[in-house]
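Residues per chain are reported as follows:
Number of protein chains: 2
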Amino acid sequence: MTAVRSEPIPPARPSQTAEPTPAVDLESVLDAAQRAAAPLAALRPAERARLLDAVAAALDAAAGELVPVAQAETHLPEGRLRGELKRTTFQLRLFGEFLRDGGYLDARIDHADAEWPMGAPRPDLRRVRVPLGPVVVFAASNFPFAFSVAGGDTASALAAGCPVLLKAHSGHLGLSRLTAEVVAAALAEAGAPEGTFALLVGTEAGAAALRDPRVAAGAFTGSIPGGRALFDIASSRPVPIPFYGELGSNNPVFVTEAAAAGRGAEIAAGFVGSFTLGAGQFCTKPGTLVVPARSGLVGELRRSALPPAAQLLNERIQAGYAGVLEGLAAHPRIEVLVQGPDPLADPPSPTLLLTTAADMLADPHALQAECFGPTAVVVTYDDESQLAPLAESFEGQLTATIHGTESCDVAGLVEVLSRKAGRVLWNQWPTGVSVTYAQQHGGPYPATTSVTSTSVGTAAIDRFLRPVAYQGFPQHLLPEALRDANPLGVPRLVDGAREE
Amino acid sequence: MTAVRSEPIPPARPSQTAEPTPAVDLESVLDAAQRAAAPLAALRPAERARLLDAVAAALDAAAGELVPVAQAETHLPEGRLRGELKRTTFQLRLFGEFLRDGGYLDARIDHADAEWPMGAPRPDLRRVRVPLGPVVVFAASNFPFAFSVAGGDTASALAAGCPVLLKAHSGHLGLSRLTAEVVAAALAEAGAPEGTFALLVGTEAGAAALRDPRVAAGAFTGSIPGGRALFDIASSRPVPIPFYGELGSNNPVFVTEAAAAGRGAEIAAGFVGSFTLGAGQFCTKPGTLVVPARSGLVGELRRSALPPAAQLLNERIQAGYAGVLEGLAAHPRIEVLVQGPDPLADPPSPTLLLTTAADMLADPHALQAECFGPTAVVVTYDDESQLAPLAESFEGQLTATIHGTESCDVAGLVEVLSRKAGRVLWNQWPTGVSVTYAQQHGGPYPATTSVTSTSVGTAAIDRFLRPVAYQGFPQHLLPEALRDANPLGVPRLVDGAREE
Numbered sequence: 236m237t238a239v240r241s242e243p244i245p246p247a248r249p250s251q252t253a254e255p256t257p258a259v260d261l262e263s264v265l266d267a268a269q270r271a272a273a274p275l276a277a278l279r280p281a282e283r284a285r286l287l288d289a290v291a292a293a294l295d296a297a298a299g300e301l302v303p304v305a306q307a308e309t310h311l312p313e314g315r316l317r318g319e320l321k322r323t324t325f326q327l328r329l330f331g332e333f334l335r336d337g338g339y340l341d342a343r344i345d346h347a348d349a350e351w352p353m354g355a356p357r358p359d360l361r362r363v364r365v366p367l368g369p370v371v372v373f374a375a376s377n378f379p380f381a382f383s384v385a386g387g388d389t390a391s392a393l394a395a396g397c398p399v400l401l402k403a404h405s406g407h408l409g410l411s412r413l414t415a416e417v418v419a420a421a422l423a424e425a426g427a428p429e430g431t432f433a434l435l436v437g438t439e440a441g442a443a444a445l446r447d448p449r450v451a452a453g454a455f456t457g458s459i460p461g462g463r464a465l466f467d468i469a470s471s472r473p474v475p476i477p478f479y480g481e482l483g484s485n486n487p488v489f490v491t492e493a494a495a496a497g498r499g500a501e502i503a504a505g506f507v508g509s510f511t512l513g514a515g516q517f518c519t520k521p522g523t524l525v526v527p528a529r530s531g532l533v534g535e536l537r538r539s540a541l542p543p544a545a546q547l548l549n550e551r552i553q554a555g556y557a558g559v560l561e562g563l564a565a566h567p568r569i570e571v572l573v574q575g576p577d578p579l580a581d582p583p584s585p586t587l588l589l590t591t592a593a594d595m596l597a598d599p600h601a602l603q604a605e606c607f608g609p610t611a612v613v614v615t616y617d618d619e620s621q622l623a624p625l626a627e628s629f630e631g632q633l634t635a636t637i638h639g640t641e642s643c644d645v646a647g648l649v650e651v652l653s654r655k656a657g658r659v660l661w662n663q664w665p666t667g668v669s670v671t672y673a674q675q676h677g678g679p680y681p682a683t684t685s686v687t688s689t690s691v692g693t694a695a696i697d698r699f700l701r702p703v704a705y706q707g708f709p710q711h712l713l714p715e716a717l718r719d720a721n722p723l724g725v726p727r728l729v730d731g732a733r734e735e
Numbered sequence: 236m237t238a239v240r241s242e243p244i245p246p247a248r249p250s251q252t253a254e255p256t257p258a259v260d261l262e263s264v265l266d267a268a269q270r271a272a273a274p275l276a277a278l279r280p281a282e283r284a285r286l287l288d289a290v291a292a293a294l295d296a297a298a299g300e301l302v303p304v305a306q307a308e309t310h311l312p313e314g315r316l317r318g319e320l321k322r323t324t325f326q327l328r329l330f331g332e333f334l335r336d337g338g339y340l341d342a343r344i345d346h347a348d349a350e351w352p353m354g355a356p357r358p359d360l361r362r363v364r365v366p367l368g369p370v371v372v373f374a375a376s377n378f379p380f381a382f383s384v385a386g387g388d389t390a391s392a393l394a395a396g397c398p399v400l401l402k403a404h405s406g407h408l409g410l411s412r413l414t415a416e417v418v419a420a421a422l423a424e425a426g427a428p429e430g431t432f433a434l435l436v437g438t439e440a441g442a443a444a445l446r447d448p449r450v451a452a453g454a455f456t457g458s459i460p461g462g463r464a465l466f467d468i469a470s471s472r473p474v475p476i477p478f479y480g481e482l483g484s485n486n487p488v489f490v491t492e493a494a495a496a497g498r499g500a501e502i503a504a505g506f507v508g509s510f511t512l513g514a515g516q517f518c519t520k521p522g523t524l525v526v527p528a529r530s531g532l533v534g535e536l537r538r539s540a541l542p543p544a545a546q547l548l549n550e551r552i553q554a555g556y557a558g559v560l561e562g563l564a565a566h567p568r569i570e571v572l573v574q575g576p577d578p579l580a581d582p583p584s585p586t587l588l589l590t591t592a593a594d595m596l597a598d599p600h601a602l603q604a605e606c607f608g609p610t611a612v613v614v615t616y617d618d619e620s621q622l623a624p625l626a627e628s629f630e631g632q633l634t635a636t637i638h639g640t641e642s643c644d645v646a647g648l649v650e651v652l653s654r655k656a657g658r659v660l661w662n663q664w665p666t667g668v669s670v671t672y673a674q675q676h677g678g679p680y681p682a683t684t685s686v687t688s689t690s691v692g693t694a695a696i697d698r699f700l701r702p703v704a705y706q707g708f709p710q711h712l713l714p715e716a717l718r719d720a721n722p723l724g725v726p727r728l729v730d731g732a733r734e735e
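Residue numbers (the numbering used here), protein chains in the order written: chain X, 236 to 735; chain H, 236 to 735.
The set of hints was computed from the structure by calculation and includes no laboratory data. Please read all numbers here as calculations on a predicted model, not as lab measurements. Among the hints, a few may not be true.
For identical chains, the list gives no copy identity; a pair is met inside one copy or between any two copies.
Think about it this way: if two alpha-carbon atoms lie no more than 25 angstroms apart in a straight line, the pair counts; the simulated SDA-like pairs of lysine to any residue are [what the hints assert, rightly or not]:
id, residue 1, residue 2
1, K321, A597
2, K321, V559
3, K321, A442
4, K321, G354
5, K321, A355
6, K321, P709
7, K321, P352
8, K321, L560
9, K321, E734
10, K321, A349
11, K321, D348
12, K321, R568
13, K321, R551
14, K321, Q710
15, K321, G731
16, K321, D359
17, K321, P356
18, K321, M353
19, K321, A646
20, K321, P576
21, K321, E300
22, K321, E570
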């Protein structure tokens, strides 16, 4: 692996982990990624699946070494981290399965047709998807495994056949180096082309890679300002490239009168569990709970036992959280509903704030801002007719949730939320993003910079593929997936119909 | 139709056609488009197919009225325009068929699974694609039907369920108004929501619409500077939106030694026919022909009878063409191979220029620039080993072509061209873009601003859709395509496998 040669990855030592990638190393890493692109693209899907499986097995085997470093750097509990690592290796293996199926290639064959009703004969046209080329992935802070070095962006880009330049998050550099070492060694051992994967350290190295003409796409999970700055770099290049940023989300939850009346205590408990999960550091944390004023739900929440203070990921996040919370709490339309003993301390106790639907509509930008940490806003309404207009006031969201009963008239609310969010939930909580075939983790801006894509689930691979059509080609020069004999056995659309 | 009310579309009269859309009309048109978005999205696919069929039928019925106006405004011959209109209405009907199939929805169902190996139970997740919202379509000059008011971008956006604001091309405003009148009347007659379609006139109105928060996407076919300026507007909005621009392409053709030896005369004739088709005003015009120096092909081309001068679309294009040709012809590494009597006159005779592979590699940017009109560059090479490096020197392309024989060793060249172009042809010519299921009209920048999509073929609909996942939803609140009973009968992926 080039990564290992051009930038040796030693076991994490505090004195070394923060050194940014020097320009000369960046150059060799970019060069190696470019050289790896063609051989990686040329691998059969099942061969790339084998690479992903190898990475998953190596990470599982290294759990005992990785988890303690993650714990030390992120303050997240061991159980959560072990579960997250399991999710991460499951994700790699799921992409492997998905590759072996071959449906992701979207292979299509149109045979020549002299009678094609367009008015001109149809040539033989065959279309398949190919990888974009090297991708820079910017890791997130809050999921040091699942959205970091070997997380969903890396897994889907490698699955697509794109070399990955992984810009490590500064919040867990030791873990990033260790994980990268495991990934690089597993790829090398499994025979991946040299240059398939490399670690970058430092904001400048990441931005420089994103500007480099050898890079074909970017992927990111993080804050709105950080993501927007990188999106702007990607879009303003002489050759613009796709940038798949997952930025911020408030994830509002709407509770109908019937649901509040029927299971208020359960909803209160579920909400508290969800907004404080991982100390509120989920991009799908429900930041707003909209409840009927004339129900016991506000009282339930006021009386609820909030969990104890928990340390946030790092000092920067702690400082940012305290700042946003102070601003919210000082807003004239906000009061404190309930909070623990030390809401602004490090570690902070959770806080629930209170406002009304009318007040939120008066200043939605301020009152719907994402607060990354254990705070949420409870909003009371007088009449269910206020729900759709309130939903309409939100910007693009990763998720939106309704708690209701089957007899509630919420079709209008569902219509609004389907326009606002990438995932709409019913009687469940948005924290926890299952890795599946139908998952959608992405929504209108600022939830993501690319509204047509997802960063979680098997469809995440679509981001790193582009279609190529071959017209009038002889069999032996066609990609295997497009040959008449279908040697890879992939599902195909033939003359507009699914091939049996 | 709102279009008709807010901006009455009179029969084209020269004095009226150039009036730009006033700001007050733009406001009402944008407002109507926003209001149309939800009801248009709510139509079943087959209902939207009926709208497209109605537009197609109305355009076919109006051919006698439309074609003469097109002829007068574009100088294109009647036969070509009748063929183009047929292609245009075929395209609308093909999208209708595609809607009725329902595969475009990419419907997926993951049932709840307590044993999901991720480490946490899988919820019931169901995913379908929904329309983005109002789209501004910027019409092209060179296909006054197929890439204009009712062309591929409009057809695919309407098929997706997005209201269309059509920015007319200034080169055929009379035809644009007439066509818009036919489209708007057909949509109104067929019961489309008011605001589904409207015509905009003027550069400022188009740019203002693209900046408007009610607009969700842009689509464009035209020049590199024009497309890039609009892409920059779309990307730098407070809420960036997708912009699908098809800009410029050189469409190089590579001829192997064996092909030149075996059928040089046929290749010469085919090339001349292709680069002068429509007076060279195709985005897929082959602008470069790479041939072996030691073959009779250069002589064949020198002796070839170029077609007579033909008038270009309009004065602006004539002036631009003459400027680019003058610059090319004056380039120290270029000589004239053959040209008609009046290469720079209006109308211009066709021109073939000559250079060598080494010379082109010395200044690729200048010698590979798109020349919109009846000029192409013939490039000689000494050895087939020069082909792949020469191919590598090209920017992103809509098409790239190889003329070879089955025994030629061109796998390396195919690999390079598959990276450079969206469509790779074998022993055919790139002009003529068939509307099919497997077509790919789009490639790496500057061919298009969105490398992952196509503007021709059924897959063009993908540009205007985004996925939404529903988690834990009751049947009656789900979109029909996701209900267990599958009332629309759409193809679906259920628990990762294609539903039988």
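Structure-based check of all given hints:
no., hint, result
1, K321 to A597, "neither (44 angstroms within a copy, 53 angstroms between copies)"
2, K321 to V559, "neither (33 angstroms within a copy, 60 angstroms between copies)"
3, K321 to A442, "neither (31 angstroms within a copy, 49 angstroms between copies)"
4, K321 to G354, "between (56 angstroms within a copy, 7 angstroms between copies)"
5, K321 to A355, "between (55 angstroms within a copy, 10 angstroms between copies)"
6, K321 to P709, "neither (45 angstroms within a copy, 31 angstroms between copies)"
7, K321 to P352, "between (53 angstroms within a copy, 9 angstroms between copies)"
8, K321 to L560, "neither (33 angstroms within a copy, 62 angstroms between copies)"
9, K321 to E734, "neither (36 angstroms within a copy, 29 angstroms between copies)"
10, K321 to A349, "between (54 angstroms within a copy, 16 angstroms between copies)"
11, K321 to D348, "between (51 angstroms within a copy, 17 angstroms between copies)"
12, K321 to R568, "neither (43 angstroms within a copy, 61 angstroms between copies)"
13, K321 to R551, "neither (28 angstroms within a copy, 62 angstroms between copies)"
14, K321 to Q710, "neither (43 angstroms within a copy, 32 angstroms between copies)"
15, K321 to G731, "between (40 angstroms within a copy, 20 angstroms between copies)"
16, K321 to D359, "between (46 angstroms within a copy, 21 angstroms between copies)"
17, K321 to P356, "between (53 angstroms within a copy, 13 angstroms between copies)"
18, K321 to M353, "between (52 angstroms within a copy, 7 angstroms between copies)"
19, K321 to A646, "neither (38 angstroms within a copy, 41 angstroms between copies)"
20, K321 to P576, "neither (35 angstroms within a copy, 74 angstroms between copies)"
21, K321 to E300, "within (14 angstroms within a copy, 67 angstroms between copies)"
22, K321 to E570, "neither (41 angstroms within a copy, 65 angstroms between copies)"
Of the numbered hints stated above, those contradicted by the structure are hints 1, 2, 3, 6, 8, 9, 12, 13, 14, 19, 20 and 22, listed in ascending order.
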